[in-house]
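Chains as they are written, first to last, in the working numbering: chain Y, 1 to 112; chain V, 113 to 229.
One should not assume that every hint holds.
[Stated by the list, open to error] When the alpha-carbon atoms are kept at most 25 Å apart in a straight line, the in silico SDA-like pairs for lysine to any residue are as follows: (1) Y:42 x V:132; (2) Y:42 x Y:112; (3) Y:42 x V:176; (4) Y:42 x V:197.
[Said to hold, decoys possible] Some chain V residues well away from chain Y (every beta-carbon gap over 10 Å; in silico): (5) 143; (6) 189; (7) 228.
Quick caveat, the hints were computed from the structure, so don't treat them as lab data.
Backbone N, C-alpha and C define an ideal beta-carbon position, used for all residues, glycine too.
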Amino acid sequence: QKEVEQNSGPLSVPEGAIASLNCTYSDRGSQSFFWYRQYSGKSPELIMFIYSNGDKEDGRFTAQLNKASQYVSLLIRDSQPSDSATYLCAVNGGFGNEKLTFGTGTRLTIIP
Amino acid sequence: SAVISQKPSRDICQRGTSLTIQCQVDSQVTMMFWYRQQPGQSLTLIATANQGSEATYESGFVIDKFPISRPNLTFSTLTVSNMSPEDSSIYLCSVEDPGQGGSYGYTFGSGTRLTVV
Numbered sequence: 001q002k003e004v005e006q007n008s009g010p011l012s013v014p015e016g017a018i019a020s021l022n023c024t025y026s027d028r029g030s031q032s033f034f035w036y037r038q039y040s041g042k043s044p045e046l047i048m049f050i051y052s053n054g055d056k057e058d059g060r061f062t063a064q065l066n067k068a069s070q071y072v073s074l075l076i077r078d079s080q081p082s083d084s085a086t087y088l089c090a091v092n093g094g095f096g097n098e099k100l101t102f103g104t105g106t107r108l109t110i111i112p
Numbered sequence: 113s114a115v116i117s118q119k120p121s122r123d124i125c126q127r128g129t130s131l132t133i134q135c136q137v138d139s140q141v142t143m144m145f146w147y148r149q150q151p152g153q154s155l156t157l158i159a160t161a162n163q164g165s166e167a168t169y170e171s172g173f174v175i176d177k178f179p180i181s182r183p184n185l186t187f188s189t190l191t192v193s194n195m196s197p198e199d200s201s202i203y204l205c206s207v208e209d210p211g212q213g214g215s216y217g218y219t220f221g222s223g224t225r226l227t228v229v
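Same shape as in the complex, but just chain V (with noise of 0.2 Å):
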């Protein structure tokens, strides 16, 4: 299965400033997801983000806020835009990841924990 390299895996942040994470496949993969998952929360989308176009945000997600870049296939960065305690998250990444026999899923990076301060 796919493997994913997610850095940085944690940051403290002061409010007002941006932190770009990002994520290294080991494979090519068409799309990239990137997702939210507050503090006791379940996993929200943010964005998919595809190799040579724009991305698309989920409702409730803006590009000037969340400017993603996919400059290739193996590659991608979330920037957290003029943060605020408020963005203190886990980010994730994920890739959806053919397997064998047909089969499939959706592999994750490790995850950046983020807190503003």
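Chain Y on its own, in the form it takes in the complex (with noise of 0.2 Å):
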């Protein structure tokens, strides 16, 4: 049984800050691993994906994957009010194993 557990929030940052979200995986055959954010409402979208270890970075977010320690993180450097949502992390087991396991989610709140 794959598990994906996210850091408890509520997470409350400045703005202008850097925002860190963790994530753990238990099944080492995961593959890739994604960022959603999802807005009060509205459907979760994807933010960054990650397949390799190390840190992919997109605009103001980087993504660092640690495959060793079954680790995945996202910093949001530059923190604005609109970056205040849900973010998921998930994980799937590649090719023949496609189907997304979600963590439990971080509420992230920017205070202005």
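Make the complex out of the two chains shown on their own, each in a separate frame, by following the hints.
Now the structure itself:
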């Protein structure tokens, strides 16, 4: 049974600071890792995906993956009030096991 | 990226009745996924729907309660049968979404907010 755990929230971060969101997973066979943002009443939208160890940057967002530690994180630099949302970590097992398993989510609030 | 049209967007239903949710994708996709998101919770996968074969259900979900159809590569339905208040949730469909340069993600429909009274 796959399990995906996220750091418990809610998380409050001042505007302009770095928000750090963490996720661990139990299945060593997991291949791909995703971060979704979900605004209240809306469906999840993909922010980033990563499948190689190391960092992946896209604008203000950086995803970090450490497969040895079974750990993936998302950093949001220069946090904006519009970043306030619930962030969901999701993993899948790759080809032949494409279904996503989601973490519990972390509610992030950016304080102006 | 793929565009998914999901309907209805919301409904209020009487217990004991059934509701069918539809998802239409603007491109052909091999697999479609159906999720449930209970109030204040994360997403839980109900089943994976492949065209031309029976859906694969996750532990805790059964075909009699959540029958799924997948008549072609762009369309699927999920029925919530014999509803009870515990079925009040948001139901979402999703597809794997190949993007440019080999990158991909999973795109979600806009969701169906179901309230059972």
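Verification of the supplied hints:
For the suggested pair residue 42 of chain Y and residue 132 of chain V, the alpha carbons sit about 20 Å apart, so the restraint of at most 25 Å is met. Proposed proximity of residue 42 of chain Y and residue 112 of chain Y is supported: the alpha carbons are some 23 Å apart, at most 25 Å. Note on residue 42 of chain Y and residue 176 of chain V: the hinted pairing is violated, with a Cα-Cα distance of about 29 Å set against a maximum of 25 Å. Our distance criterion of 25 Å between C-alpha atoms is met by residue 42 of chain Y and residue 197 of chain V, whose separation comes to about 22 Å.
Under the 10 Å C-beta cut-off, the non-interface status given to residue 143 of chain V relative to chain Y is violated; the minimum distance is some 6 Å. Its beta-carbon lying about 18 Å from the closest one in chain Y, residue 189 of chain V satisfies the requirement of being farther than 10 Å from that chain. Distance check on residue 228 of chain V: its Cβ is at least 19 Å (rounded) from any Cβ of chain Y, clearing the 10 Å threshold; non-interface status holds.
Hints 3, 5 from the list above are not met by this structure, while the remaining hints are.
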